[in-house]
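Colleague: Sequence:
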Amino acid sequence: QGYIEMQTPTLIRNPFGADAKPFETDGYYLRIAPELELKKLVVGGFDKIYEIGKSFRNEGLSQKHNPEFTMLEIYTVKAGASLSDVMIQIQELLTEVILRVKSGLFVNKINWAEFSMIKMSTDFDELKIKHPAFLTGFSADESPLAASQNGVALRTELYVGGMELANGYVELSSPDDQFANFQAQGVVDTDYINALKVGLPPTFGVGIGIDRLIMLLTDRNIKEVI
Numbered sequence: 001q002g003y004i005e006m007q008t009p010t011l012i013r014n015p016f017g018a019d020a021k022p023f024e025t026d027g028y029y030l031r032i033a034p035e036l037e038l039k040k041l042v043v044g045g046f047d048k049i050y051e052i053g054k055s056f057r058n059e060g061l062s063q064k065h066n067p068e069f070t071m072l073e074i075y076t077v078k079a080g081a082s083l084s085d086v087m088i089q090i091q092e093l094l095t096e097v098i099l100r101v102k103s104g105l106f107v108n109k110i111n112w113a114e115f116s117m118i119k120m121s122t123d124f125d126e127l128k129i130k131h132p133a134f135l136t137g138f139s140a141d142e143s144p145l146a147a148s149q150n151g152v153a154l155r156t157e158l159y160v161g162g163m164e165l166a167n168g169y170v171e172l173s174s175p176d177d178q179f180a181n182f183q184a185q186g187v188v189d190t191d192y193i194n195a196l197k198v199g200l201p202p203t204f205g206v207g208i209g210i211d212r213l214i215m216l217l218t219d220r221n222i223k224e225v226i
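For the sequence shown, this note's numbering begins at 1 and goes up steadily by one.
Hints should not be assumed to be uniformly reliable.
In silico DSS-like cross-links for lysine-lysine, where the CA-CA straight-line distance does not exceed 25 Å [said to hold, decoys possible]: (1) Lys130 with Lys119; (2) Lys223 with Lys48; (3) Lys128 with Lys64; (4) Lys223 with Lys128; (5) Lys128 with Lys109.
It is worth saying that the hints were derived from the structure and are not from the lab.
Make the full structure from the sequences, and use the hints.
Modeller: This is the structure we're talking about:
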């Protein structure tokens, strides 16, 4: 579909891109996500890009979490980019993967033919979600890199098999709003703000956890698939 694979730095100066604790080195951090570097490339003129690479989060181990993991991130420039574009891309990509997987794996236990939608609420429990469901209704305050309308982020997360598998949103393009969000988070990426001042076109981004996808396809825990 015309997407170009990119490779961005693993060591970065500002640990931003997700709500997670980073690994810190002498003057640098292991990236939490490649998001900001990829969006700088979008500003540079690339309108369809992706990266499959390692990300690192200094958090605990469990059957679903590992400090080092593989992510797919995709960024698409599109006039009038919307939350529907995000959900359509996630659904189409995962449906294509499922069609290519042989029968007999865990995929047969999940109804991949229908993706439902649910709204964020205080009683949301990911463990109860077996079949694919898009979660929406995130507040703008908890989505500092996403565009928003009336205080609600144009963001979604896909849950399936009792865990988060993918996320995505329409990208915030205002340098002033992004700077304010960075300040609220306590970390400002000046290079990224300067890139936004050049101009980020209407863009939406999608991230999918490769290890978790393999977990779902094979009915294994994360330690067995990494």
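Colleague: Each hint: holds or not?
Modeller: Hint-by-hint comparison with the structure:
1. Only pairs whose Cα atoms come within 25 Å are accepted, and Lys130 paired with Lys119 is accepted, the gap being roughly 16 Å.
2. About 32 Å separates the Cα atoms of Lys223 and Lys48, which puts this hinted pair outside 25 Å; it is violated.
3. This hinted pair checks out: Lys128 and Lys64 have alpha carbons roughly 15 Å apart, not beyond 25 Å.
4. The hinted pair formed by Lys223 and Lys128 meets the criterion: a straight-line CA distance of about 22 Å does not exceed 25 Å.
5. Restraint check: the Cα-Cα separation between Lys128 and Lys109 comes to about 15 Å, which is no more than 25 Å; the hinted pair holds.
Figure legend: structure checked against the earlier numbered hints; the only hint not met is number 2.
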